[in-house]
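J.: For the record, the sequence lines run as chains A and B. Under my numbering, the residues of the first sequence are numbered 11 to 144, in order. Under my numbering, the residues of the second sequence are numbered 161 to 442, in order.
Everything labelled a hint here was simulated from the structure, so no lab data went into it. A couple of the hints might just be wrong.
Derived coverage of chain B by chain A (criterion: at least 3 residues anywhere in the stretch with Cβ under 8 Å from a Cβ of chain A; other residues may be distant) [claimed, not checked]: (1) 177-189; (2) 253-264; (3) 300-309.
Virtual Cβ for every residue (Gly too), placed ideally from N, Cα, C.
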Amino acid sequence: MDTPRQKHLVLILAREFASNLSTPTLIADEGGRLVFYNEAAAAVTGTPFAEIGEVLLDEWTASFVPRTLDDDVADPAPAERRPTRIALDERRPSHERFLITSRDGVEREVEISAFPLFAHADEFIGIVAIFWRT
Amino acid sequence: MRVTIWGCRGSLATPGVETVRYGGNTSCVEVSTSDERTALVLDAGTGIRRLGLELVERGIEHVHLCLTHLHLDHLEGLRFFAPLWDERVTLDVWGPPSPVVTLRERIARSFSPPLFPIDLRRVPARVSFRDIPREPWAIDGVTLSAELVMHPGPTVGFRIEEGGATLAYLPDHEPALVGPIAERTRDWLSGGSVAADADVLLHDAQYFADEYDDRIGWGHSSVEDAVTYAHMVGARRLVLFHHEPDRGDSSLERLGAQARLLAADAESEPVLAREGMVLELA
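This is chain B alone, in the form it adopts within the complex:
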């Protein structure tokens, strides 16, 4: 399994000289599948724009886009996703269900005035919207499963398995809000079955501890909680994700250094997610 990070910034895109090393685009991750004509994409933050250009170059015919939730930083790139504007492309959008408003209706709001000039009905690609199922499902040899996780509004984390390799994707997650992480068994831990024994865990680490104290309940984690969570679920490698928009590269590297100190006994050192990073999961 090859995992490519196209965007790992949290909350708001932050282009500029202070973010060139780790990137300023918001959440978007590509996971390779066995079919070269099919793409599996996690979230549609601004990072999806550049991915879309590359997918068109590759001649992709079918895209599965899995949305963890519909906060803007995970959706705002969709309107500028080149395959959406290609009539040869089939796009399946998977997202968390709502008892009140369909996934299509919720996403269509961002394709309507005054936010956007073109209605969702007028996009050329063949687009369908699917509620994320409770049970695992398969896409071209890749098995996906999802669970609702602790974040404001319906939000899921994804577990993606292929050929014995497991990726866990929890970009927006505040497990500490439902009790001390270190005191919970995995079945009582938000996202516990999504992240259990993952080879790679992409996890929210937006804040230093003192920053988190003022932002409890906002749906994001401190670096301490991210490290503790990775330990409790048995993840082999932690990739720190959803970088605070006010954090430049040097501040991010301090956060990364703190994570390495906190995880001194871990199987492998935590690393900072970086735009363009490619992770090979064997």
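Chain A extracted, bound-state conformation:
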């Protein structure tokens, strides 16, 4: 029988941390797979994580049709503007303001802060992103 590889301990700790926050928070692994978001994030996105399961973060993000709000004009957000993509690719923190359409059809303005997670020996193991409702 194949032995399932456990998530890195830092991701397990991050999930437990996020589970106890009222701030919408998501976690993705080093390969860009969405592995968890908390109940507060479910309230923003419109769907509990258990219904989504682990999916590629880019695909999941695109489903909300994120739009940038430069000069308060909503334009489709290119991938390179997404803080989650920047944290994954460039392994640095990033912040951006967006307009999204939740699964329940509601348009919401959110700010997203994403930052990389490095474990012992500087091993990159994923990202955390926090949504700030504006």
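Since the structure of chain A is provided, determine the placement of chain B on it from the hints.
T.: Structure of chain B alone, referenced to chain A:
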């Protein structure tokens, strides 16, 4: 695979009449390899002193010492490990990596004044220090893998496989600190892939439940959590390890009895680790 327990006491060595049945030496476990000249040793608690004497008698030439972490009860025996003082011996020390200080530098602190009179550079054995890799590695026909697990400071658990037999070694582990054990899938369980479907799981069971309530976050498990954990990872046999230093033999046996009650439906009864215990894994 033959597994010999040379020390299973937690935190502090506890010699004395009250600990003669289960032993007072701190963590040290030997795992047999296919090469009689090579020894695989898990942790360097005080139990490693007697093991070292026997390894010299056996004419061992190469020792692989795998450290789960560097808390004193897992390291303090190293300075009195006879092969370290034998120039014919090659000693590879494997330990969890740190982004700041090398494994050698961290261990060298215990070989320096005022803790010890002899510098690590002056030990006769050929010693090398290796960060535990993220991917599995092999030592003389034995496959090892490790994952960081829930315990203060960088700490790993080991999974050791040989000829279809699997040993999981999680001597210091508090999986309950990252959520209810019974509600987690294995991939979200600390040490889940180390312990999954192991034939034998050596696991921390330092406390009774009421003791644990006052020690949450100290990095150790209650007997209830150890039993639940063994069930969730599908371990076939649980060996209760890292005995509380204040616990004498009779108190330990009460803990063992409680474990058997809690695991009434398990494939095999949990047992208390005991110094000198030999486990044969087929």
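J.: So, for every hint listed, does it hold in this structure?
T.: These are the hints, each one checked on the structure:
{"no.": "1", "hint": "177-189", "verdict": "violated (count 0)"}
{"no.": "2", "hint": "253-264", "verdict": "holds (count 4)"}
{"no.": "3", "hint": "300-309", "verdict": "holds (count 3)"}
Hint 1 from the list above is the single one not met by this structure.
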